[in-house]
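4 protein chains.
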Amino acid sequence: MAEIEIGLGKSGRRAYGFDDIAIVPSRRTRDPEDVDISWEIDAFRFELPMMASAMDGVVSPATAIEIGRLGGLAVLNLEGLWTRYEDPDAVYAEIAQLPSDKATARMQEIYAEPIKPSLITERIREIKAAGVVAAASVTPQRTEEFIGAILKGELDILVIQGTVVSAEHVSKTQEPLNLKRFIRELEIPVIVGGTASYQATLHLMRTGAVGVLVGVGPGHACTTRAVLGLGVPQATAIADAAAARMRHLDETGVYVHVIADGGMSKGGDIAKAIAVGADAVMIGSPLAAAYEAPGRGFHWGMATFHPTLPRGTRVRTEQRGSLQEILVGPARENDGRLNLFGALRTSMATCGYESIKEFQKAEVMVAPALQTEGKSLQREQHVGQGR
Amino acid sequence: MAEIEIGLGKSGRRAYGFDDIAIVPSRRTRDPEDVDISWEIDAFRFELPMMASAMDGVVSPATAIEIGRLGGLAVLNLEGLWTRYEDPDAVYAEIAQLPSDKATARMQEIYAEPIKPSLITERIREIKAAGVVAAASVTPQRTEEFIGAILKGELDILVIQGTVVSAEHVSKTQEPLNLKRFIRELEIPVIVGGTASYQATLHLMRTGAVGVLVGVGPGHACTTRAVLGLGVPQATAIADAAAARMRHLDETGVYVHVIADGGMSKGGDIAKAIAVGADAVMIGSPLAAAYEAPGRGFHWGMATFHPTLPRGTRVRTEQRGSLQEILVGPARENDGRLNLFGALRTSMATCGYESIKEFQKAEVMVAPALQTEGKSLQREQHVGQGR
Amino acid sequence: MAEIEIGLGKSGRRAYGFDDIAIVPSRRTRDPEDVDISWEIDAFRFELPMMASAMDGVVSPATAIEIGRLGGLAVLNLEGLWTRYEDPDAVYAEIAQLPSDKATARMQEIYAEPIKPSLITERIREIKAAGVVAAASVTPQRTEEFIGAILKGELDILVIQGTVVSAEHVSKTQEPLNLKRFIRELEIPVIVGGTASYQATLHLMRTGAVGVLVGVGPGHACTTRAVLGLGVPQATAIADAAAARMRHLDETGVYVHVIADGGMSKGGDIAKAIAVGADAVMIGSPLAAAYEAPGRGFHWGMATFHPTLPRGTRVRTEQRGSLQEILVGPARENDGRLNLFGALRTSMATCGYESIKEFQKAEVMVAPALQTEGKSLQREQHVGQGR
Amino acid sequence: MAEIEIGLGKSGRRAYGFDDIAIVPSRRTRDPEDVDISWEIDAFRFELPMMASAMDGVVSPATAIEIGRLGGLAVLNLEGLWTRYEDPDAVYAEIAQLPSDKATARMQEIYAEPIKPSLITERIREIKAAGVVAAASVTPQRTEEFIGAILKGELDILVIQGTVVSAEHVSKTQEPLNLKRFIRELEIPVIVGGTASYQATLHLMRTGAVGVLVGVGPGHACTTRAVLGLGVPQATAIADAAAARMRHLDETGVYVHVIADGGMSKGGDIAKAIAVGADAVMIGSPLAAAYEAPGRGFHWGMATFHPTLPRGTRVRTEQRGSLQEILVGPARENDGRLNLFGALRTSMATCGYESIKEFQKAEVMVAPALQTEGKSLQREQHVGQGR
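Chains as they are written, first to last, in numbering that gives the first Met the number 0: chain A, 0 to 386; chain B, 0 to 386; chain C, 0 to 386; chain D, 0 to 386.
One should not assume that every hint holds.
Heads up, the list lumps identical chains together, so a pair's fine if it works in one copy or across two of them.
Claimed, not checked - Derived pair list, reagent style DSS-like, types lysine-lysine, alpha-carbon separation capped at 30 Å:
#1 Lys151 - Lys127
#2 Lys179 - Lys101
#3 Lys115 - Lys356
#4 Lys171 - Lys101
#5 Lys356 - Lys151
#6 Lys127 - Lys101
#7 Lys115 - Lys151
#8 Lys151 - Lys101
#9 Lys356 - Lys101
#10 Lys127 - Lys360
#11 Lys360 - Lys115
#12 Lys360 - Lys101
#13 Lys360 - Lys151
#14 Lys115 - Lys127
#15 Lys171 - Lys127
#16 Lys171 - Lys356
#17 Lys360 - Lys171
Just so you know, these hints were derived from the structure itself, not from any lab.
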């Protein structure tokens with residue numbers, strides 16, 4: 000592992016993001032129809048290798064059902080609006096109309112409303128009633144508090160998620176969640192994260208989780224990096240996690256899924272995430288652009304309203320297509336934001352790969368995306384004649 | 000070949016684009032008049048080492064003839080407007096007047112019009128009647144369907160082109176074009192592409208093609224990279240293809256031409272393409288800026304109207320000179336977009352090289368073009384006193 | 000130490016700034032409340048590992064007192080407005096109203112007013128009377144001239160500061176300050192800087208100073224780099240200084256503090272400064288944004304009004320919070336500019352570190368912050384669910 | 000010499016520009032008054048290590064005299080307006096009033112006026128009559144045509160300059176200037192350039208020139224790079240030329256001066272040029288900003304009006320100070336564009352160097368100047384307290 004000397008006595012590895020790399024076609028090409036992009040985790044099989052982020056602006060019971068029908072897996076946030084309010088519709092409407100300078104303060108109030116365990120159970124049942132796989136998320140801090148209501152709803156997959164979740168949380172004042180014991184004893188599969196290094200991922204895999212969410216400050220200019228200074232660009236984080244997956248498989252015979260979480264906005268980013276080793280991707284903002292998204296043209300993360308150190312903000316987004324158009328097309332625009340998984344399929348076909356497992360071994364190059372404007376236009380015109 | 004570690008267990012080569020490199024003058028200089036930039040491929044000789052991209056906004060029978068007279072080789076798109084419409088003039092006029100938000104949908108309809116084999120034959124004859132070399136392109140998927148009409152027109156050079164074309168296309172549902180058998184049996188020379196790696200290029204060269212088009216997502220921020228995640232920056236792609244050319248020559252004694260396709264907007268880009276190993280260049284958008292271009296100030300690629308995953312868009316371009324001014328000058332502006340091949344000649348002379356073959360061995364440096372604004376102005380003024 | 004060849008016979012090390020690196024979470028996480036960020040230097044203990052820069056727009060006796068009460072250490076500029084004017088209030092008011100094109104000339108006049116030693120003594124006493132630790136700065140050139148008045152005020156910590164201060168100043172025309180003798184003989188602790196290399200820092204440490212200020216042209220595009228061509232990006236400068244600290248400790252048993260000075264505007268920058276080896280940070284402009292800051296929405300450095308070679312300028316800044324909100328929160332915005340030390344605490348907790356000394360050994364990666372805009376938005380939304 | 004692989008079989012060195020490097024302070028500092036920045040070449044001594052570029056917008060006989068009085072050496076363009084027109088005043092006035100879209104065409108006409116040898120003699124005499132050293136430039140193509148008139152005027156230093164000048168120009172149609180024989184036989188010293196590589200510089204040094212101008216497309220985004228694809232970033236070009244100087248000195252005992260030509264807009268750039276090995280600098284656009292500059296707020300290079308391939312353009316510049324203020328101050332602004340040589344002196348003093356020869360060995364770091372905006376402001380404020 001090549002270390003770069005930052006100064007005398009301080010070295011670090013060079014890390015790479017999606018914008019730093021590109022996939023290289025192999026010597027074969029393939030028909031897109033022949034490509035298999037389906038995903039199997041635990042006892043579940045999905046047409047699409049994707050999860051929808053547990054963001055209130057993206058996943059409601061209704062969109063969870065629609066995403067499930069389209070072949071994906073949506074994660075409902077069990078500490079968000081849907082478990083704090085019986086009918087959050089009016090709340091969403093108010094949020095979408097808040098002026099920018101008042102949004103943070105008012106949303107802090109909105110999220111001060113207590114979580115009702117009964118609503119947890121109810122929301123899960125609502126999703127399951129539609130016949131799709133139900134997944135939902137809690138933070139490690141409140142997992143034990145809510146697990147009763149969760150199991151009562153007969154959730155299919157539990158997601159335990161924080162900015163960073165480790166297998167060894169240390170606290171002087173309270174007994175932290177013992178992830179290993181908790182997961183081993185739980186009867187439903189658990190996906191856990193975020194994580195971003197080989198060692199931390201390996202320890203999370205050893206808790207018995209069926210999947211880990213990889214991504215801490217993945218975008219180069221992301222909020223976590225500005226506020227906290229933390230972050231690992233995603234291409235490196237995913238490749239490291241894939242190496243931990245191999246080590247864990249070698250040690251235990253158990254294959255734990257690596258789910259790339261964050262930093263992907265276009266079809267090309269999703270293809271790159273797989274090409275450096277991910278089994279599936281978790282996406283949020285691309286889905287917030289759906290007409291059906293509950294955020295009504297806005298989305299936000301849960302750290303946005305941290306009482307003393309908010310990170311993130313309410314972000315306006317253009318509503319540009321239906322969930323179906325965004326996930327599986329057809330695309331009527333050409334910027335890579337629609338038909339994300341048709342793009343993955345075409346990318347794999349164009350490069351000659353047949354399955355996700357094969358595509359994880361694709362050749363990639365380090366090829367930074369910084370670029371003069373002229374070049375970008377130049378290319379538009381002769382992409383032509385493709386399949 | 001130096002590999003960079005992207006993460007544990009995933010490495011990739013560093014790739015370079017035109018903006019990343021610069022040509023270094025040798026210890027000699029030369030008179031521009033003494034420099035030979037002519038190009039010979041198969042039985043044909045051209046004053047200019049260039050092909051015009053098979054884009055509907057660039058190449059019509061009329062501009063093909065004009066480009067041929069100026070010393071270049073234009074490629075007519077046989078799956079575009081000229082073979083779908085008897086008289087595409089009204090169609091071009093309509094396209095140029097479409098509002099942006101309606102353009103994609105309407106152009107999808109326009110391109111839904113079937114291709115008429117009789118028009119294929121007719122368009123080729125129209126170009127040949129003017130006494131210039133006739134070249135035209137088809138996609139691999141439809142090559143066998145149209146080859147009869149093409150041969151009937153007595154085409155001189157056939158171009159088989161897609162986003163990525165490989166010598167080994169795999170399909171479960173249909174028998175793909177066997178490029179090797181097809182090209183060997185065909186009586187006219189074939190140029191094939193795009194391709195972007197050593198192995199894929201080598202296999203394409205073994206099909207018997209006289210030239211390969213090198214370029215897959217060459218621009219750093221190009222559409223193919225955003226939508227599909229694919230792409231190899233052009234300087235690296237061309238150098239790799241040139242290495243494949245040498246290997247193929249060594250194995251077979253046959254010299255297959257490397258034609259750099261895409262990513263070039265200025266004279267300096269063309270010089271760099273040659274300096275890293277290209278025999279000739281294929282350019283599109285620089286020619287779309289010609290007064291004679293059929294696109295009337297617009298250009299677009301064929302993937303722009305893919306029914307489910309469009310890539311590229313209708314691009315507006317400034318009409319800035321005649322085809323003659325763009326190709327061989329004289330330039331009346333100084334931004335490198337006019338007199339492209341006068342610039343190539345001057346570049347070669349200033350560096351002391353006499354022919355394309357010599358210039359392919361020019362010294363280059365890795366010298367990224369990112370730069371503060373002040374420097375750029377600073378330089379304007381003392382380029383002076385040059386020859 | 001890897002040297003890069005710039006040209007034949009000229010090599011240099013690659014240096015890194017805060018934007019070039021990111022901190023990597025360890026396999027542990029921790030409760031923020033358990034993290035200790037306090038700082039001890041000489042006989043003093045501070046709740047926050049920070050000093051406020053000796054800038055007239057930031058530190059007045061009043062803000063020095065407030066910063067001291069909040070747990071930090073402010074440095075009053077003894078060659079600025081507070082020692083030239085009995086009541087600088089009107090002067091500040093005038094500066095805040097100067098039109099841009101007149102500001103430099105008028106401020107040159109304002110700073111031509113002689114320094115009154117009696118005011119030096121008085122200002123120090125004013126701060127001490129409030130019960131906080133009093134620190135103040137002089138340039139090496141005038142240290143001996145003012146030391147009497149300084150000692151008379153019973154200053155706690157003396158800061159001797161210039162753009163670059165060395166242990167070996169050479170002059171043909173006047174006897175320079177002998178830092179080593181001066182500091183050894185002085186009864187109060189001295190902090191000295193700026194410095195930016197291993198050797199220069201080591202020599203400064205040998206003068207007997209209790210701390211060195213590390214930072215010369217730390218920002219990549221800073222004024223010192225533009226005007227003088229000097230500068231060492233901060234991550235490298237701090238790591239080098241930390242190596243000098245270790246060498247000096249090994250040689251003498253004395254631990255001299257490394258205080259990162261400059262180039263930090265957000266919480267993440269402060270975390271990175273510690274993570275590459277700093278004991279504490281000196282910040283200026285982030286505090287100029289406080290409602291209490293004497294600059295009334297402006298700040299400037301002392302070199303701004305150099306009579307023949309001004310560097311820096313009067314900078315307008317947005318007043319965005321109280322000193323308390325900026326230093327320890329709560330933050331009501333999410334851009335990393337409020338609750339700077341709450342952010343440090345959360346960063347350390349998220350990465351699993353308990354004390355500044357531990358955090359100095361955190362793993363970092365080289366991960367440049369250059370980034371397309373889309374990514375930045377993408378990340379906003381799923382920072383969620385953090386602690 | 001480390002080579003980077005661009006592609007299979009094509010490698011190149013990594014080159015660096017001024018923006019890529021920064022000077023590192025040594026462990027000493029020094030009084031600016033003690034620093035010696037004077038320059039001696041051939042029998043001449045100058046207070047400032049600088050030449051003014053032979054640009055019509057910068058050097059007239061009057062400004063040549065003023066620059067000489069201030070301690071520098073201006074070069075008059077003998078193929079420009081002053082030798083084509085008896086009284087170019089009206090021509091300058093017209094140029095300054097041309098609308099942008101007409102400027103190129105009209106200036107092509109203006110420069111079509113023949114050069115009068117008698118004016119060459121007269122202009123040189125005009126400068127010499129003022130008692131300053133007279134330098135003037137011709138292109139290699141016309142050197143022999145004008146040398147009689149030049150010698151008649153008793154020029155002190157002849158500059159033979161083109162975009163690239165080599166010791167081995169090859170022509171099939173005319174006998175090129177044999178630089179080696181010409182220079183050896185000439186009774187006055189000759190400076191020659193541009194050049195940009197070790198070998199080319201070494202060969203130019205062997206012609207007997209007393210100095211070489213180093214710079215071909217030095218700015219990363221400069222015109223020569225866009226139009227011709229040529230260019231070597233200046234830090235690398237200068238260091239390579241300095242290595243050639245050492246080799247030539249070793250072989251012959253003759254020290255040939257390396258004069259960095261182009262790419263410098265601020266004091267810091269000049270300091271860097273020296274720090275990587277230059278003996279002096281040639282600057283143009285910074286002087287075009289002088290009130291006395293003949294260009295009246297405009298400047299342009301001679302290649303700007305090349306009849307078929309213009310490079311460069313008429314550039315508007317802000318008139319920001321007198322020649323004296325720009326060269327030796329005092330500066331009333333703080334952007335590094337005034338008091339350029341006071342800045343060089345301060346840079347050397349701050350780093351602890353006493354003479355140009357010493358400063359050529361200064362430590363530099365590779366520290367790219369790309370930077371987020373926030374950092375740049377941050378630094379403004381605490382440059383303070385410098386000497």
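Against the structure, the hints:
For the homomeric pair lysine 151 and lysine 127, the shortest alpha-carbon distance inside one copy (12 Å) is at most 30 Å, but the shortest distance between copies (63 Å) is not. For a Cα distance limit of 30 Å, the shortest separation of lysine 179 from lysine 101 qualifies neither inside one copy, at 42 Å, nor across copies, at 55 Å. Proximity of lysine 115 and lysine 356 under a CA criterion of 30 Å is satisfied in neither setting, with 41 Å inside one chain copy and 42 Å between copies. Taking the closest pair of Cα atoms, lysine 171 and lysine 101 never come within 30 Å of each other, the shortest separation being 36 Å inside a single copy and 58 Å across copies.
In this assembly of identical chains, the alpha carbons of lysine 356 and lysine 151 never lie at most 30 Å apart, being 36 Å within a copy and 46 Å across copies at closest. Proximity of lysine 127 and lysine 101 under a CA criterion of 30 Å is satisfied in neither setting, with 37 Å inside one chain copy and 40 Å between copies. Taking CA atoms no more than 30 Å apart as the test, lysine 115 paired with lysine 151 passes inside one copy only; the shortest distance there is 14 Å, against 65 Å between copies. Taking the closest pair of Cα atoms, lysine 151 and lysine 101 never come within 30 Å of each other, the shortest separation being 38 Å inside a single copy and 51 Å across copies.
Taking the shortest Cα distances, lysine 356 and lysine 101 never come within 30 Å of each other, neither inside one copy (47 Å) nor across copies (40 Å). Proximity of lysine 127 to lysine 360 under the C-alpha cut-off of 30 Å is found in neither arrangement, the shortest distances being 36 Å within a copy and 48 Å between copies. When the C-alpha separation of lysine 360 and lysine 115 is checked against a cutoff of 30 Å, the pair qualifies neither within a copy, at 45 Å, nor between copies, at 43 Å. In this assembly of identical chains, lysine 360 and lysine 101 lie within 30 Å of each other by CA distance neither inside one copy nor across copies; the values are 48 Å within and 40 Å between.
Taking the closest pair of Cα atoms, lysine 360 and lysine 151 never come within 30 Å of each other, the shortest separation being 41 Å inside a single copy and 45 Å across copies. Within a single copy, lysine 115 and lysine 127 get their C-alpha atoms as close as 19 Å, which meets the 30 Å cut-off; across copies the closest is 53 Å, which misses it. For a Cα distance limit of 30 Å, the shortest separation of lysine 171 from lysine 127 qualifies neither inside one copy, at 39 Å, nor across copies, at 37 Å. For a Cα distance limit of 30 Å, the shortest separation of lysine 171 from lysine 356 across copies, 19 Å, qualifies, whereas the shortest one inside one copy, 43 Å, does not.
With identical chains, the CA atoms of lysine 360 and lysine 171 are at most 30 Å apart between copies only, with a shortest distance of 22 Å across copies and 44 Å within one.
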